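Q: Chains as they are written, first to last, in our numbering: chain A, 168 to 421; chain B, 6 to 264.
It should be emphasised that the hints constitute simulated quantities derived from the structure, not laboratory data.
Remember, predicted model here, so these are calculated numbers, not experimental data.
Glycine included, each C-beta is placed from N, C-alpha and C at the ideal position.
Heads up, a few of these hints could be off.
[What the hints assert, rightly or not] These stretches of chain A come out as covered by chain B in the derived footprint (C-beta under 8 Å, 3 or more residues):
id, segment
1, 189 to 199
2, 240 to 249
3, 267 to 277
4, 294 to 306
5, 321 to 334
[Unchecked claim] Using C-beta positions, here's what the derived DEER-type ranges look like:
id, chain 1, residue 1, chain 2, residue 2, range
6, A, Trp-341, B, Gly-89, 48 to 54 Å
7, B, Arg-186, A, Asp-176, 38 to 44 Å
8, A, Gln-296, B, Ser-104, 39 to 45 Å
9, B, Glu-94, A, Asp-239, 32 to 38 Å
10, A, Glu-345, B, Gln-86, 56 to 62 Å
11, A, Ala-346, B, Gln-86, 37 to 43 Å
12, A, Asp-384, B, Lys-263, 22 to 28 Å
13, B, Gly-89, A, Ala-346, 50 to 56 Å
14, B, Leu-63, A, Met-188, 53 to 59 Å
15, A, Ser-310, B, Leu-31, 56 to 62 Å
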Amino acid sequence: MTSALLEADRVSLSRPGELGMQPVLNDLSLTVAAGELVAVVGPSGGGKSSLLRLFNRLLDADSGTVRFAGEDIRSLAPPQLRARAVLVAQKPLLFAGTVRDNLAMPARLRRSTDTRSPLADEELLALCQLDKTLLDRDGQRLSIGQQQRVCLARAMAGPCQALLLDEPTSALDWPTAEALTRTFRDLARQRQLAILLVTHDLRVARLCADRLLVLIDGRIVEAGPVEEVIAAPKSAEARAFLNHPGTDGAGGDR
Amino acid sequence: MNGSIIDLTLWDLLVVYGLLVLTMGLSRLLDARQERDIFWAGLRMFVQLLAVGYVLHLAFALQTPWPVLLILIVMGGFAVQTIGARVKEKMPRFYTVVSLAIFCGCGGMTFFFCLLVVGLTPWYDPRYLIPLTGMIIGNSMTGASLAAERLAAEFRERRDEIETLLCLGASARVAAGSPVRNAFQAALIPAVNAMAAMGLVFLPGMMTGQILSGTEPLIAVKYQIAIMCVITASVALTTFIILKVGYRSYFTPYQSLKP
Numbered sequence: 168m169t170s171a172l173l174e175a176d177r178v179s180l181s182r183p184g185e186l187g188m189q190p191v192l193n194d195l196s197l198t199v200a201a202g203e204l205v206a207v208v209g210p211s212g213g214g215k216s217s218l219l220r221l222f223n224r225l226l227d228a229d230s231g232t233v234r235f236a237g238e239d240i241r242s243l244a245p246p247q248l249r250a251r252a253v254l255v256a257q258k259p260l261l262f263a264g265t266v267r268d269n270l271a272m273p274a275r276l277r278r279s280t281d282t283r284s285p286l287a288d289e290e291l292l293a294l295c296q297l298d299k300t301l302l303d304r305d306g307q308r309l310s311i312g313q314q315q316r317v318c319l320a321r322a323m324a325g326p327c328q329a330l331l332l333d334e335p336t337s338a339l340d341w342p343t344a345e346a347l348t349r350t351f352r353d354l355a356r357q358r359q360l361a362i363l364l365v366t367h368d369l370r371v372a373r374l375c376a377d378r379l380l381v382l383i384d385g386r387i388v389e390a391g392p393v394e395e396v397i398a399a400p401k402s403a404e405a406r407a408f409l410n411h412p413g414t415d416g417a418g419g420d421r
Numbered sequence: 006m007n008g009s010i011i012d013l014t015l016w017d018l019l020v021v022y023g024l025l026v027l028t029m030g031l032s033r034l035l036d037a038r039q040e041r042d043i044f045w046a047g048l049r050m051f052v053q054l055l056a057v058g059y060v061l062h063l064a065f066a067l068q069t070p071w072p073v074l075l076i077l078i079v080m081g082g083f084a085v086q087t088i089g090a091r092v093k094e095k096m097p098r099f100y101t102v103v104s105l106a107i108f109c110g111c112g113g114m115t116f117f118f119c120l121l122v123v124g125l126t127p128w129y130d131p132r133y134l135i136p137l138t139g140m141i142i143g144n145s146m147t148g149a150s151l152a153a154e155r156l157a158a159e160f161r162e163r164r165d166e167i168e169t170l171l172c173l174g175a176s177a178r179v180a181a182g183s184p185v186r187n188a189f190q191a192a193l194i195p196a197v198n199a200m201a202a203m204g205l206v207f208l209p210g211m212m213t214g215q216i217l218s219g220t221e222p223l224i225a226v227k228y229q230i231a232i233m234c235v236i237t238a239s240v241a242l243t244t245f246i247i248l249k250v251g252y253r254s255y256f257t258p259y260q261s262l263k264p
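All chains, please: the whole structure from these sequences, using the hints.
A: What follows is the structure in structure tokens.
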């Protein structure tokens, strides 16, 4: 798959734990093409967040190669990579100031000229389904759902080509989460962004993903089109996870 | 003013130590349980200062630079150790960073003041070099502790914020900007406050000492002004080095936060 924007090739990762170095990801490969949204689900502690952080090099793989647009990320300057493959965290974090100040952040942080998105602030907000009247509002006073949308808009204010979304809806109630999830799908389609979304919520994955990966104990045990994986998981581990009563939305709305 | 100095006899010292007994009595009265601490602190002061007195006496008499340099190095070593004891949350490679900062910051300022401004002859004149370096190192020590502690606290409390900045494409230097700024401010506050309050709230120690030993007050004032500027600059330089080298130790070589 040469058109892949995000690509992990047989990566393994260990992290310091209570009993010394613990393996987190094990010989794992995946790709996300431009315009594609891939969701990763799995039980917590399975390495989902670590997987995302490999792609913007907040974590460094022990072995294997991570590529961005075909290039080994170790050959890119980390700030340059991170402005292109932008990670949006679970808990929205806005800096002091207005929404406009927050959208100006990526350009202020990096002095080079390639950093500004061609989109105006109003357009960025519109893409994230926020009204442009919010621009001059204090970011801290918005609702959590709005704050998460501002974080998304801010992520795209730089030269963003890929989004790494870490449980972006887990702080939201379902109707808000549902609306935001639809926005993710639209962004992948309209802006041709490669989106890797990590979630424990199967409903989110079903609503927006092109493909679904099930990550258990650092290995991808299942991969394929969303409904296929959910309907007929091949491995016992994936079946156990997908049918587990604690997995939101796995049973109820089918 | 003929500069004759009234020496204190051993009997005089015994009398003032009597004041510590009074202090212990007051502590007992309030049941504050400070008696042991006061006793040991008083004893330590006596032994330590007496030892220093003899060392200085010897250094003054020998008239070679080596004992003086040795004393300065020991002072620096104690400063680094004291900072280490004071700072609970240590940054990675703490002792290397702090030693480097004290050596460059305090050493540089001492050299500048004693040799270039005052123009000591001989250059190692212990009567000037030792007490002045002591003041410079002592104050820089306080600044360095404050800076190191504040930097560690900032990196602990604002981890998410720093990581968010990194995720938006900030370099490690840019992402550490605000913690480094805050730590620098915290370190400089005591020195700046001391300058502003000088002469109003208290008569500074060095000036008092010089006046007591017979120096013309205006000369003592000029020395005090000079040393305060040097101290402030030394605090700033020492802190600057600690922060500029220190912030890097929180990041991996690929500019992410260490776990």
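Q: Assuming the hint says 56 to 62 Å, is it satisfied by the Cβ distance from Ser-310/A to Leu-31/B or not?
A: holds (59 Å)
Q: Count the residues of the segment 294 to 306 of chain A whose CB lies closer than 8 Å to any CB of chain B, then report whether that count reaches three.
A: With 0 residues closer than 8 Å to chain B, the segment 294 to 306 of chain A misses the three-residue bar; violated.
Q: In this structure, is the beta-carbon distance linking Glu-345/A and Gln-86/B contained in 56 to 62 Å?
A: For Gln-86/B against Glu-345/A, whose Cβ atoms are near 60 Å apart, the range 56 to 62 Å holds.
Q: Quick one: see if chain B covers the segment 240 to 249 of chain A, three-plus residues with Cβ-Cβ under 8 Å.
A: Since three or more residues must qualify, the claim that chain B covers the segment 240 to 249 of chain A holds, with 5 doing so at under 8 Å.
Q: How about the segment 189 to 199 of chain A: do at least three of its residues have a C-beta closer than 8 Å to a C-beta of chain B?
A: Violated - the segment 189 to 199 of chain A has 0 residues with a Cβ nearer than 8 Å to chain B, which falls short of three.
Q: When I compare C-beta atoms, does the segment 321 to 334 of chain A have three or more residues closer than 8 Å to chain B?
A: Holds: 3 residues of the segment 321 to 334 of chain A have a Cβ under 8 Å from chain B.
Q: Hint says 22 to 28 Å; check whether the CB-CB distance for Asp-384/A and Lys-263/B agrees.
A: holds (25 Å)
Q: Determine whether the Cβ-Cβ distance between Gln-296/A and Ser-104/B falls within the hinted range of 39 to 45 Å.
A: Check failed, 55 Å falls outside 39 to 45 Å.
Q: Is the distance from the Cβ of Ala-346/A to the Cβ of Gln-86/B consistent with 37 to 43 Å?
A: Violated, since Ala-346/A and Gln-86/B (Cβ atoms, about 59 Å apart) do not stay within the stated range.
Q: Is 32 to 38 Å a correct range for the gap between the Cβ atoms of Glu-94/B and Asp-239/A?
A: holds (36 Å)
Q: For the pair Trp-341/A and Gly-89/B, does the Cβ-Cβ distance stay inside 48 to 54 Å?
A: holds (52 Å)
Q: Residue count check for the segment 267 to 277 of chain A against chain B: does it reach three with CB-CB under 8 Å?
A: holds (count 4)
Violated hints for the displayed structure, listed by number in ascending order: 1, 4, 8 and 11.
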